[in-house]
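Chemist: Mind the numbering: the sequence shown is residues 1 to 276 in the UniProt record's numbering, read in order.
These aren't lab readings, by the way, just hints derived from the structure by calculation. None of these values were measured; they are calculated from a predicted model. Here a beta-carbon is modelled for each residue, glycine too, at the ideal position from N, C-alpha and C. Treat the hints with care, as some may be off.
Unchecked claim - Between beta-carbon pairs, the in silico distance windows are:
1. Arg-13 / Phe-162: 18 to 28 Å
2. Ala-116 / His-180: 18 to 28 Å
3. Gly-81 / Ala-116: 39 to 49 Å
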Amino acid sequence: MAEPISSPASAARVAAFFDLDKTIIASSSALAFSKPLLRQGLISRRAALKSAYAQLVFSLSGADEDRTERMRAEISALCTGWDVAQVRAIVNETLHDIVDPLVYAEAAELIASHKAQGHDVVVLSAAGEEVVTPIAAMLGATRSVATRMEVVDGRYSGQVDFYCYGEQKAVAAKQLAADHGYDLASCFAYTDSSTDIPMLEVVGNPFAVNPDRALRRLAVERQWPVLIFSNPVSLRSRIPAPSPTALAVGVGIGAMAAAGVTWYGLARRKRGDQQA
1 MAEPISSPAS AARVAAFFDL DKTIIASSSA LAFSKPLLRQ GLISRRAALK
51 SAYAQLVFSL SGADEDRTER MRAEISALCT GWDVAQVRAI VNETLHDIVD
101 PLVYAEAAEL IASHKAQGHD VVVLSAAGEE VVTPIAAMLG ATRSVATRME
151 VVDGRYSGQV DFYCYGEQKA VAAKQLAADH GYDLASCFAY TDSSTDIPML
201 EVVGNPFAVN PDRALRRLAV ERQWPVLIFS NPVSLRSRIP APSPTALAVG
251 VGIGAMAAAG VTWYGLARRK RGDQQA
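Put together the whole structure using the sequences plus the hints.
Modeler: Written out as structure tokens, the structure is:
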């Protein structure tokens, strides 16, 4: 169970920033959609097996940057040229069935605790905004920021407009604070990954959740609290479902289910090749 939380007394608004994969949900939000993509013919059985193996590696190992980006780059190569409408339909039809069983009970309780204290809840994720936005709506989050992808003639071009990854999560948190009046010194941040250390460093209350080795080591050095989430449960059983209108809006922009979290790795690899 997540530890009780409380915020310092402050007249300014407070936000709790949450990473998504392995922090709120016990999986990669992108790779979780490989089965419906296979059924709809967007990926081959060989590609589905590759993504399933990558998911196993992701689940059993520390989410270090090199391993995560290699996995994401492998899958992202499959996605360029996919039809947006087709992927949107897949997200619409499978979102609840896929995501519901993956939500950590501890994360759901923590989100509810923050909301009860009047805090805004913000999901910051490297996954595509088209899948992050409806998941955030399901969680009852106030808002979300995620990777934004370019669409050309109704298809994914492979170009990235904004990487919500690494240092850019800290940039997003600072911009949200400026836009919504958050006092970052009173804000909270939760993540499992050492790639999100910049986000943890901009808030006054950083938490490591199921941390990888590098993050655990830093958390010990800096005396940041470490939370262990281990109990995925159905989201429907814990959080009231949003209204049909709200869900339709969220799912309506849910187009990058399997690709969003992978684009950064591919673009980063290409950039590295160019600099080599």
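Chemist: Run every hint past the structure and note whether it holds.
Modeler: Evaluated hints:
| no. | hint | verdict |
| --- | --- | --- |
| 1 | Arg-13 / Phe-162: 18 to 28 Å | holds (24 Å) |
| 2 | Ala-116 / His-180: 18 to 28 Å | holds (19 Å) |
| 3 | Gly-81 / Ala-116: 39 to 49 Å | holds (45 Å) |
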